[in-house]
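One line per chain: the protein sequences are Y and G, in this order. Under the working numbering, the first residue of the first sequence is numbered 23, with each subsequent residue one higher. Under the working numbering, the first residue of the second sequence is numbered 840, with each subsequent residue one higher.
Rather than coming from a laboratory, the hints here were simulated on the basis of the structure. Where hints are given, some of them may not hold.
Unchecked claim - Here are the simulated lysine-lysine pairs, DSSO-like style, with alpha carbons at most 27 Å apart:
no. : chain 1 : residue 1 : chain 2 : residue 2
1   : Y       : 245       : G       : 978
2   : Y       : 293       : G       : 952
3   : Y       : 176       : G       : 978
4   : Y       : 176       : G       : 960
5   : Y       : 245       : G       : 941
6   : G       : 914       : G       : 952
7   : G       : 877       : G       : 984
8   : G       : 984       : Y       : 176
9   : G       : 984       : Y       : 289
10  : G       : 971       : G       : 914
11  : Y       : 176       : G       : 929
12  : G       : 978       : Y       : 107
13  : Y       : 245       : G       : 960
14  : G       : 879       : G       : 965
15  : G       : 961       : Y       : 176
16  : G       : 920       : G       : 952
17  : Y       : 176       : G       : 879
18  : G       : 929       : Y       : 107
19  : G       : 941       : Y       : 176
20  : G       : 967       : Y       : 176
21  : G       : 929       : G       : 978
22  : Y       : 293       : G       : 914
23  : Y       : 176       : G       : 920
24  : G       : 978       : Y       : 292
25  : Y       : 176       : G       : 965
26  : Y       : 292       : G       : 984
27  : Y       : 245       : G       : 952
28  : Y       : 107       : Y       : 32
29  : G       : 877       : Y       : 176
30  : Y       : 292       : G       : 941
31  : G       : 914       : G       : 941
32  : G       : 879       : Y       : 245
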Amino acid sequence: MIDIFLEPFKYDFMIRSLITAIASGAMLSTLGPFTINRNMGFMADAMAHATLPIIAVGVFLGFSISELGVPAAILIAVLLGVIIKNTNVGEDTAIGIIFSSFFALGFVLISLLNVTINLEDLLFGQILAVNTSDVYIVVFLLLLVVTIVLLFFKQLLFYSFDPIGAEVKGLNTSFLNYLFLILLSIAIVGSLQTVGIILVLSMLIIPAAAAKLVSNTFVTSIKVSIVFGVTASITGLYLSYFFNLPSGPSMSLVATAIFVVAFLSNKIRKKGSLSTVTIS
Amino acid sequence: MDTKEVNSASTPLIISDGCCVHFGNTPALESVNFSIDKGKKVAVVGPNGGGKSTLFNAIAGLVPLEEGSLTIEGKNPEDSKGAVSYVPQKDLINWNFPLSVKQVVEMGLINRKTISIFSRKKINNKIKEALKNVGLLEKIDENIKSLSGGQIQRVLIARALAQDADILLLDEAFSAVDIGAQEDIMQLINSINLDGKTILIATHDVNNLEDKFDEVLCLNKHCCAYGDPSEVLTPEVIEEMYGSHIDLINNAHLPSSKNND
Chain Y
23 MIDIFLEPFK YDFMIRSLIT AIASGAMLST LGPFTINRNM GFMADAMAHA
73 TLPIIAVGVF LGFSISELGV PAAILIAVLL GVIIKNTNVG EDTAIGIIFS
123 SFFALGFVLI SLLNVTINLE DLLFGQILAV NTSDVYIVVF LLLLVVTIVL
173 LFFKQLLFYS FDPIGAEVKG LNTSFLNYLF LILLSIAIVG SLQTVGIILV
223 LSMLIIPAAA AKLVSNTFVT SIKVSIVFGV TASITGLYLS YFFNLPSGPS
273 MSLVATAIFV VAFLSNKIRK KGSLSTVTIS
Chain G
840 MDTKEVNSAS TPLIISDGCC VHFGNTPALE SVNFSIDKGK KVAVVGPNGG
890 GKSTLFNAIA GLVPLEEGSL TIEGKNPEDS KGAVSYVPQK DLINWNFPLS
940 VKQVVEMGLI NRKTISIFSR KKINNKIKEA LKNVGLLEKI DENIKSLSGG
990 QIQRVLIARA LAQDADILLL DEAFSAVDIG AQEDIMQLIN SINLDGKTIL
1040 IATHDVNNLE DKFDEVLCLN KHCCAYGDPS EVLTPEVIEE MYGSHIDLIN
1090 NAHLPSSKNN D
């Protein structure tokens, strides 16, 4: 039985894929609970789509997607943060404009610069193609994200819960705002090869949403979100290997299955506690 | 404008001298003058959009002044962060976060440094002490969302106590709270005030202010009146704030009505 589980890892590319999948899953699901509780899902989706023109130019200049990681992430986060802050059309509308226009610009640049990119891989992920340096970069990005979240956890939580109270207390809320946007952007750019531009949101949002349904505290929801995210990444990778399925969509669907189970167990638990109250 | 003369023996803590705040071209506060002494309980009243929250934001250093000056112990509000604790309106807090009462009170001890200057034991003691002062120690591990509106206000006041700020700004502390809970909050404010804290509360209710507060600041973009509630809350001031709706207010407490008795 155990041989079946170990079988894929007789290939080096599967070991690289597994490490990348775990790192991406853990990175996205660490930030997921902050993202869903701050209603920033649409912002995260826009960030993912805004990477396309940067990737087009970067690949044209000879960089790989993972090498673009941190600089691209900072550029996207600052760009989006500044544009949203300085346009008075409403945050939702500003995000929508950036989302679609950057995505369109990406396609135009790929065509104009004649960049050789497999668009399907970029949109839906192609984890089996990661090389050793990609693995190192994604693991480095995971360590960077987790370290910064741990260091600034209380400040980020205070700012997310009560931004006015945090500013009055003397916290640098502008710094915390951009710090979170950059972390989110790093996690997104670092996970593009795993799940792609379109599906990166699913690995950010779905494990966190499922964790919220079965957790009582915010800290627990982060821990459970990481467990769900990593489980979805590993299971998705196995499914893609054994059934010859695309890896990104497989991970995304496993995450959705986890959410459905969490949703149903939450419903059953609530119904159970309701009938206990009625009987008593 | 009625402005209470500052007692020479008292210490002015917050001084507003012609304070003006604009949002774009729209004035939110114009030429507001007052001087609040240390240890006072002050009600800030006025209509919606009258500038109560804007004034609190200015005292907290969140909005820049267009003209005039506002000082806290002689310093600019931006330099006085930490001395002021702000309990904002309930709808400005993100209730999506499933936080415990303990985590919320601990926010009063968080500063810019990533590593706390207090030991874990000291932090826990401060949290417990603050919660004991607001009578909610037994709720320490409960989810903040499971508490009533009045209890949430008391937890946010406990956060301010943990911070050990000299000035407490409570924005609409009595809204969406039942009468019993309002009484509890008022009792709590009285006990905090006895410890020398200066407390400003924005409220819509102008009834019985003289029983609850040392002073009242009446705002409708400008300062309509400031001073002892039993002296300054005249029908003219009420009308200046709320237009012709004076009949909605229990005028048995107004100075002119007392004169008629």
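Comparing the hints with the structure gives:
At most 27 Å may separate the alpha-carbon atoms for a hinted pair to count; residue 245 (chain Y) and residue 978 (chain G) meet this at roughly 24 Å. Straight-line distance between C-alpha atoms of residue 293 (chain Y) and residue 952 (chain G) comes to about 45 Å, which puts the hinted pair past the 27 Å bound. A distance of roughly 21 Å separates the Cα atoms of residue 176 (chain Y) and residue 978 (chain G); the hinted pair therefore holds under the 27 Å criterion. Proposed proximity of residue 176 (chain Y) and residue 960 (chain G) is supported: the alpha carbons are some 17 Å apart, at most 27 Å.
Of the supplied pair hints, the one linking residue 245 (chain Y) and residue 941 (chain G) holds, its CA atoms being roughly 19 Å apart against a limit of 27 Å. For the hint pairing residue 914 (chain G) with residue 952 (chain G), the CA-to-CA distance comes to about 23 Å; that is within 27 Å, so the pair holds. Restraint check: the Cα-Cα separation between residue 877 (chain G) and residue 984 (chain G) comes to about 34 Å, which exceeds 27 Å; the hinted pair is violated. For the suggested pair residue 984 (chain G) and residue 176 (chain Y), the alpha carbons sit about 19 Å apart, so the restraint of at most 27 Å is met.
With a C-alpha separation of about 19 Å, the suggested pairing of residue 984 (chain G) with residue 289 (chain Y) holds against the 27 Å cut-off. The hinted pair formed by residue 971 (chain G) and residue 914 (chain G) fails the criterion: a straight-line CA distance of about 32 Å is larger than 27 Å. A distance of roughly 21 Å separates the Cα atoms of residue 176 (chain Y) and residue 929 (chain G); the hinted pair therefore holds under the 27 Å criterion. The straight-line distance between the Cα atoms of residue 978 (chain G) and residue 107 (chain Y) is roughly 38 Å, outside the 27 Å bound, and the hint therefore fails.
Distance hint between residue 245 (chain Y) and residue 960 (chain G) is fulfilled; the C-alpha atoms sit about 24 Å from each other, no more than 27 Å. Proximity of residue 879 (chain G) to residue 965 (chain G) is assessed by CA-CA distance (about 25 Å); at most 27 Å being required, the pair is judged to hold. For the suggested pair residue 961 (chain G) and residue 176 (chain Y), the alpha carbons sit about 17 Å apart, so the restraint of at most 27 Å is met. Distance restraint check for residue 920 (chain G) and residue 952 (chain G): the Cα-Cα separation of roughly 15 Å lies within the 27 Å cut-off, and the hinted pair is therefore satisfied.
The hinted pair formed by residue 176 (chain Y) and residue 879 (chain G) fails the criterion: a straight-line CA distance of about 33 Å is larger than 27 Å. Only pairs whose Cα atoms come within 27 Å are accepted, and residue 929 (chain G) paired with residue 107 (chain Y) is accepted, the gap being roughly 24 Å. Among the hinted pairs, residue 941 (chain G) with residue 176 (chain Y) is consistent with the structure: their alpha-carbon atoms are about 13 Å apart, no more than 27 Å. Only pairs whose Cα atoms come within 27 Å are accepted, and residue 967 (chain G) paired with residue 176 (chain Y) is accepted, the gap being roughly 18 Å.
Distance hint between residue 929 (chain G) and residue 978 (chain G) is fulfilled; the C-alpha atoms sit about 19 Å from each other, no more than 27 Å. For a cut-off of 27 Å, the pair hint linking residue 293 (chain Y) to residue 914 (chain G) is broken: about 57 Å separates their Cα positions. Restraint check: the Cα-Cα separation between residue 176 (chain Y) and residue 920 (chain G) comes to about 18 Å, which is no more than 27 Å; the hinted pair holds. Distance restraint check for residue 978 (chain G) and residue 292 (chain Y): the Cα-Cα separation of roughly 22 Å lies within the 27 Å cut-off, and the hinted pair is therefore satisfied.
Between residue 176 (chain Y) and residue 965 (chain G) the CA atoms are separated by roughly 17 Å; this keeps the pair inside 27 Å, and the hint holds. With a C-alpha separation of about 17 Å, the suggested pair residue 292 (chain Y) and residue 984 (chain G) falls inside the 27 Å cut-off, and the hint holds. Restraint check: the Cα-Cα separation between residue 245 (chain Y) and residue 952 (chain G) comes to about 24 Å, which is no more than 27 Å; the hinted pair holds. Between residue 107 (chain Y) and residue 32 (chain Y) the alpha-carbon distance is near 50 Å, which puts this suggested pair outside the 27 Å criterion.
With a C-alpha separation of about 32 Å, the suggested pairing of residue 877 (chain G) with residue 176 (chain Y) is violated against the 27 Å cut-off. Between residue 292 (chain Y) and residue 941 (chain G) the CA atoms are separated by roughly 25 Å; this keeps the pair inside 27 Å, and the hint holds. With a C-alpha separation of about 32 Å, the suggested pair residue 914 (chain G) and residue 941 (chain G) falls outside the 27 Å cut-off, and the hint is violated. Under the criterion of a C-alpha separation no larger than 27 Å, the hint pairing residue 879 (chain G) with residue 245 (chain Y) is inconsistent with the structure, at around 46 Å.
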